[in-house]
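Take a look at the letters that make up each chain.
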Amino acid sequence: MGFAMKKWRCLVCDFVYDEAKGVPDEGIKPGTRWEDVPEDWTCPDCGAGKADFQMVEVD
Amino acid sequence: MSTMTASPADWKDKKRYLWLLGVLVMGLPIYGYGLVQWTGLSLFWWLTPIVVYAVIPFLDRLIGEDNENPPDAAMTPLNADRYYRWAVAAAIPVQYATFIWGTWMAITGDLRWFEMLGLFISLGMASGLSINVAHELGHQTSKIERWLAKIALAPVAYGHFYVEHNRGHHVRVATPEDPATSRFGETFYEFLPRSVLGSVASAWELEKTRLAKQGSSVWSLGNDNLQAWGLTVLLYGTMVAWLGWLALPFMLFQGLFGGALLEVVNYLEHYGLKREKKADGSYERCQPHHSWNSNHLATNVLLYHLQRHSDHHAYPTRSFQTLRNFDTLPRLPNGYAGMILLAYVPPLWFRVMNPKVVAHFNGDMTRANIKPSIRDRVLAQYRSATA
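Line order of the protein sequences matches chains W and S. Reminder that position 3 of the first sequence reads as 3 in my numbering, one-by-one numbering, no gaps. Reminder that position 100 of the second sequence reads as 100 in my numbering, one-by-one numbering, no gaps.
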């Protein structure tokens, strides 16, 4: 991979989408970039849409 | 009744100025006092409960439902219009004026007991409504609005709501694990302590976990619960320094009343509804059919569209003015204001709502969220009924 994996946090409930891990249970493979996550995907914890996620600094 | 969508070109928000009623309603206890002075009738100490428990449910019957949705093309400008943010935030100074005036009046007003009781209930109700203001602000993403949410929660001493609602309730809604989701067969009076205590405990745990990840103690100043409760300590402390210790029980009890008003609304919103558990033990995502809705106009404009609750759970950061109605949603027979009267009388509540829950699940009560102690009995009853 050319550049570092990022994390995106749900602004409603704090769920973190980690590009390195993806969400394999939902068919989103490890390494899936945020922009490649389907637009209609929603937060697995609280149901918020992609627009409600914000990029966070890597811990 | 179908959902109406106007043509985008000349669409205007008919509710634009009605939203200011959400601001005005915060001052009801003061207007009541004005009417007492003007008419000489002590009855008007009770103006706030009269409006909320009688006038609004009556208007909901009279005016009925408003099913209109803004056209899609109008959504973006509607959402960006700063006016709507002000229409919420403006409730806070009115709320503070009412709280400070009311506490002062209670201590220095030399009131008779039924006047005092009216004032106390009025203030409690304004405080309860203020949690709804904090709810709208607490879902926004700007720092200032999130702080305003904490400020709005100070008079009612309900600071944990700031944490628990977004990160607890929105995650666990319509599951048996959510303290703020009521169960089939559970009375409001059973629900109330379970929801309050469960929510406080959950809010504390959420912050403990979050702060531990950052290497901080739960007792650090970064704890949102402590920040929000701290504002209450500051406010109550100032009032006590000014008016003496007698102000403290008055403020605490009006806060309890306000909290109970919020909880009775919680009780309505997801009664008996449950998300399906998937094979891996997690729950399906929250769907529109996991909330009870109402389009009754009078309550909706007072509560910033809180009753369009399904759309709120689907899009938690969607601003109130853009929340939509959908025709297939679980629907309450009256607005929240009328339904809370039913919730206070459990036999009536069960008589109206239990058949609605059963119908919602087409009689398959295995899919409902049932009070554990009566679960087997309910399942047996409806199995035989559907067999």
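Everything labelled a hint here was simulated from the structure, so no lab data went into it. Here the structure is a predicted model, which means the values were calculated and not measured. Careful, some of the hints might be misleading.
Claimed, not checked - Straight-line C-alpha distance at most 27 Å; calculated DSSO-like pairs for lysine-lysine:
| no. | chain 1 | residue 1 | chain 2 | residue 2 |
| --- | --- | --- | --- | --- |
| 1 | W | Lys50 | S | Lys278 |
| 2 | S | Lys208 | W | Lys21 |
| 3 | W | Lys50 | W | Lys6 |
| 4 | W | Lys21 | S | Lys371 |
| 5 | W | Lys6 | W | Lys29 |
Stated by the list, open to error - Label pairs and their calculated CB-CB ranges:
| no. | chain 1 | residue 1 | chain 2 | residue 2 | range |
| --- | --- | --- | --- | --- | --- |
| 6 | S | Trp219 | W | Ala51 | 49 to 59 Å |
| 7 | W | Asp36 | S | Glu205 | 40 to 50 Å |
| 8 | W | Ala20 | S | Ser282 | 49 to 59 Å |
| 9 | W | Phe3 | S | Trp242 | 51 to 61 Å |
| 10 | W | Asp36 | S | Thr366 | 34 to 44 Å |
| 11 | W | Glu35 | S | Ala54 | 24 to 34 Å |
| 12 | W | Asp40 | S | Leu21 | 31 to 41 Å |
| 13 | S | Pro49 | W | Glu35 | 23 to 33 Å |
Heads up, the beta-carbon is just placed ideally off N, CA and C, and yes, glycines get one too.
Does the hinted range 31 to 41 Å hold for Asp40 of chain W and Leu21 of chain S at CB?
-> For Asp40 of chain W and Leu21 of chain S the Cβ distance comes to about 35 Å; the hint holds.
Range hint 49 to 59 Å (beta carbons of Trp219 of chain S and Ala51 of chain W) holds or violated | With a Cβ separation near 35 Å, Trp219 of chain S and Ala51 of chain W fall outside 49 to 59 Å, so the hint is violated.
Determine whether the Cβ-Cβ distance between Glu35 of chain W and Ala54 of chain S falls within the hinted range of 24 to 34 Å.
-> Given range 24 to 34 Å: violated, Cβ gap about 54 Å.
For the pair supplied as a hint, Lys21 of chain W and Lys371 of chain S, is the alpha-carbon distance within the 27 Å limit?
-> With Cα atoms ~38 Å apart, Lys21 of chain W and Lys371 of chain S exceed 27 Å; violated.
Would you mind confirming whether the straight-line C-alpha gap from Lys6 of chain W to Lys29 of chain W stays at or under 27 Å?
-> Between Lys6 of chain W and Lys29 of chain W the Cα gap is close to 14 Å, so the pair holds against 27 Å.
Between Ala20 of chain W and Ser282 of chain S, does the C-beta distance stay in 49 to 59 Å?
-> Since Ala20 of chain W and Ser282 of chain S have Cβ atoms about 21 Å apart, the given range 49 to 59 Å is violated.
Whether the CB-CB distance between Pro49 of chain S and Glu35 of chain W falls inside 23 to 33 Å = 53 Å, violated
Outcome of range test on Cβ distance (Phe3 of chain W, Trp242 of chain S; 51 to 61 Å) | Roughly 59 Å apart at Cβ, these two residues keep to the hinted range, so it holds.
Range hint compliance [Cβ, Asp36 of chain W to Thr366 of chain S, 34 to 44 Å] = 39 Å, holds
Straight-line alpha-carbon gap Lys50 of chain W to Lys6 of chain W, limit 27 Å | 15 Å, holds
Go ahead and decide if the range 40 to 50 Å is satisfied by the Cβ distance of Asp36 of chain W to Glu205 of chain S.
-> 34 Å, violated
Given the hint that Lys208 of chain S pairs with Lys21 of chain W, test it: the Cα-Cα distance must not exceed 27 Å.
-> Holds, because 25 Å separates the two Cα atoms, which is no more than 27 Å.
Of the hints listed earlier, those the structure fails to meet are numbers 4, 6, 7, 8, 11, 13, in rising order.
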